[in-house]
Structure formats: structure tokens, C-alpha cells
Amino acid sequence: MTLMTSENKPIISAVIPAYNENQGISAAITHIAGILNACESAWEIIVVDDGSHDQTYQQICELSKYEPRIKGLSLSRNFGKEAAMLAGLAHAMGEAVIIIDADLQHPPSFIPEMLDKWRAGAQIVHAVKRSREEDSAAKRAAAYCINQMISGLGGINVKNSSDFKLLDREIVDIIVHQLPERERFFRGLTSWLGFSEEYIYFDVASRQGDESKWSFWQLLELAITALTSFTSLPLRIVTFLGITTLILGFFVASEALWSLIQGQAVSGFATIIICLLLIGSFIMISLGIIGEYIAKIYEEVKARPHYLVKASVGINKEKK
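Here the working numbering is used: position 225 in the sequence shown is 225, and no number is missing along the way.
If you're looking for bench data, these hints aren't it; they were derived computationally from the structure.
Errors might be hidden in some of the hints.
[Stated by the list, open to error] Listed next, with one range per pair, are the computed distances between beta-carbon atoms:
no. : residue 1 : residue 2 : range
1   : Trp192    : Arg77     : 24 to 34 Å
2   : Ser41     : Asn316    : 17 to 27 Å
3   : Ile290    : Ser259    : 31 to 41 Å
4   : Glu181    : Asn78     : 15 to 25 Å
5   : Leu278    : Ser26     : 53 to 63 Å
[Stated by the list, open to error] EDC-like mimics (lysine to aspartate or glutamate), calculated; alpha carbons at most 20 Å apart, straight line:
no. : residue 1 : residue 2
6   : Lys296    : Glu221
7   : Lys129    : Asp203
8   : Lys296    : Glu183
9   : Lys129    : Asp163
10  : Lys117    : Asp203
11  : Lys117    : Glu40
12  : Lys129    : Glu198
13  : Lys117    : Glu95
14  : Lys302    : Glu292
15  : Lys117    : Glu170
16  : Lys117    : Glu198
17  : Lys129    : Glu113
18  : Lys129    : Asp101
19  : Lys129    : Glu197
20  : Lys310    : Asp54
21  : Lys117    : Asp168
22  : Lys296    : Glu181
23  : Lys117    : Glu197
24  : Lys310    : Glu62
Quick reminder that beta carbons are idealized off the backbone N, C-alpha and C, glycines included.
Given only the sequences and the hints, what does the whole structure look like? Please build it.
What follows is the structure, given as C-alpha cells:
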């Protein structure tokens with residue numbers, strides 16, 4: 001790693017994951033740069049193009065020509081937001097690193113407040129959504145249920161949390177170098193770490209550019225990743241339900257046997273069919289839950305890189 005002098009080393013790094021943000025990326029970077037300029041500290045902006053199919057990376061390169069503190073990474077394909085954030089963290093040089101979305105739904109105006117809390121000693125500053133008025137009622141309901149499930153079963157507090165966070169250099173180094181798992185849930189990891197935490201609360205701003213790229217199924221996939229990353233409780237629930245079914249089956253069999261001993265006909269064909277269907281459904285769901293954990297182990301064992309960088313602009317090549 002090339003050593004940097006105290007005069008040119010950034011104090012603040014802003015990491016912006018971007019995917020097909022051609023319509024608003026230039027305005028977003030310019031706005032965030034203006035906020036950082038007002039903070040009167042050395043800064044850099046690292047925009048991670050997560051395999052966009054539009055001109056997102058080309059716009060980053062154009063901005064970097066005029067402002068070398070604006071830097072960019074282009075990943076070889078779409079690895080997902082979690083990988084894009086990790087790539088940005090791995091290349092950030094600042095003592096404080098801020099993760100912020102490219103659509104400006106994370107208000108950059110809160111950056112000075114986050115920096116104040118960091119300078120006061122906080123190592124992680126979480127930005128928590130006060131409301132989700134921009135989302136549809138269905139999406140708000142789905143997000144609420146998923147957050148409750150993750151917080152309740154996973155034992156981590158992610159209620160209304162976002163990826164909008166400030167991380168101290170020590171936290172960044174831990175995430176990049178000491179947490180090797182392939183499938184990551186950034187919001188959960190930062191809550192799991194502990195350390196000195198502070199919170200700020202914000203209202204989600206209107207999205208700049210096109211519509212949100214998060215669908216219900218992506219939220220559901222995120223919830224599954226979060227649960228399998230932080231708890232084995234679903235497996236224990238499967239075991240508990242299996243024992244419960246065994247006990248119920250024992251009592252039903254005992255009742256049927258007693259009826260036969262007394263010479264009574266054992267009826268209830270429909271009941272037996274329903275029980276078989278319920279037990280069969282339970283077995284299939286259980287296999288699905290076990291399969292999710294096995295698939296997670298499979299991904300970890302392969303140990304493929306989290307991301308591959310195709311091109312970069314303004315980035316220290318030795319910083320990884």
C-alpha cells in the first residue's frame with residue numbers, strides 16, 4: 001500500500017453503490033460533494049458501479065476528470081448491493097467512511113450530524129428511517145414483517161435501519177479483513193459488532209431518477225440471508241415441530257389401538273388424509289429450511305471472491 005501524507009489522505013470517505021443510476025448519478029455525486037466540501041475536512045467519494053448496463057460508470061469517469069477526489073470502481077457484473085458496499089469499504093482510505101445510496105433517498109444533509117457524533121466518540125452511526133412514506137402500502141407492510149422477523153428470530157436490531165451509516169476506520173478494517181463470510185447482511189453485521197453506537201433518524205426522501213429496483217422477492221431473499229446469517233433458530237423450530245408431531249402421532253396411534261382392543265371400528269379416513277397432507281407439507285418445509293442452510297455452507301466452502309473489479313478510476317491500485 002502506498003503511504004499517503006497527512007496533507008492528502010482523506011479524513012472522510014463516502015461510498016456510493018450504484019446500479020443503473022444513469023439518470024441521477026451525476027447530480028447525486030455533485031450534491032454529496034457539496035455537503036462534504038462544507039464539512040471542511042479532506043474527503044473522497046468512491047462510487048461502485050455494480051455491473052450497470054447503462055452509462056453510470058462513464059459518468060463517474062467524466063466527473064473524476066474534473067474532480068480527482070471523485071473515484072470509481074466498475075465491477076465485472078452485478079454482484080449485488082452487499083458486494084458493492086464491501087468493494088467500496090475495501091478501497092476507502094478515510095478515517096470515517098459513510099455508506100449512502102445513489103438515489104439520494106438517504107439525505108446527504110445528515111452527513112454533518114453523523115460526523116459530529118463520530119468526532120464525539122461514536123464508532124458506528126446508524127441512520128434509522130423515521131417513515132417510509134415514499135413506499136407503497138404493500139411494500140411498507142412487507143418490510144415491516146420482514147424487519148420484525150429478522151429482529152425477533154435473529155436477535156439483532158434492524159427495525160427501520162438502513163445501509164446509510166458512518167463507520168470508523170477500525171470498524172471498516174474489521175468488516176473488510178476479519179469477517180470472511182460470502183453472504184453478508186450489512187445492517188445486521190454492523191449491529192452485531194457492538195462498539196460505540198449512535199443513532200440519527202431521517203425521513204426517506206423522494207427517489208432521484210427511475211423507480212426503486214427493490215422488489216418484494218428481493219426483500220424476501222434479503223430476509224432469508226439475514227436469518228441464516230445470524231441464527232440457527234429455524235432449524236431448532238423444525239426439531240421442535242418434529243418432536244411435537246411425533247408426540248401427537250403417538251397419542252393418535254394409542255387411541256386407535258385402544259379402540260381396536262375394545263372391538264370398535266376405527267373411522268376417520270378423511271382425518272387421516274388431512275394429517276398425511278399436513279405432515280407431508282411440514283416435511284417439505286423442513287427440507288426447504290435445511291436446504292437453505294446447506295446452500296449457505298456450499299457457498300462458503302466455494303470461497304469465491306465477493307466481487308471482481310473490471311475497471312477503476314482514481315483508485316489506489318494497491319488498496320484492496
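For each hint, the structure was consulted:
1. Trp192 / Arg77: 24 to 34 Å: 28 Å, holds
2. Ser41 / Asn316: 17 to 27 Å: 19 Å, holds
3. Ile290 / Ser259: 31 to 41 Å: 36 Å, holds
4. Glu181 / Asn78: 15 to 25 Å: 20 Å, holds
5. Leu278 / Ser26: 53 to 63 Å: 57 Å, holds
6. Lys296 / Glu221: Cα-Cα ~13 Å, so holds.
7. Lys129 / Asp203: 6 Å, holds
8. Lys296 / Glu183: 8 Å, holds
9. Lys129 / Asp163: Status holds; Cα separation ~10 Å.
10. Lys117 / Asp203: The hint holds at about 19 Å.
11. Lys117 / Glu40: 16 Å, holds
12. Lys129 / Glu198: Holds, at roughly 14 Å.
13. Lys117 / Glu95: Holds, at roughly 14 Å.
14. Lys302 / Glu292: 16 Å, holds
15. Lys117 / Glu170: 16 Å, holds
16. Lys117 / Glu198: 7 Å, holds
17. Lys129 / Glu113: 15 Å, holds
18. Lys129 / Asp101: 14 Å, holds
19. Lys129 / Glu197: 16 Å, holds
20. Lys310 / Asp54: Between lysine 310 and aspartate 54 the Cα gap is close to 15 Å, so the pair holds against 20 Å.
21. Lys117 / Asp168: Holds, at roughly 11 Å.
22. Lys296 / Glu181: Within the cut-off at roughly 10 Å; holds.
23. Lys117 / Glu197: 9 Å, holds
24. Lys310 / Glu62: 17 Å, holds
Of the numbered hints given earlier, the model fails none.
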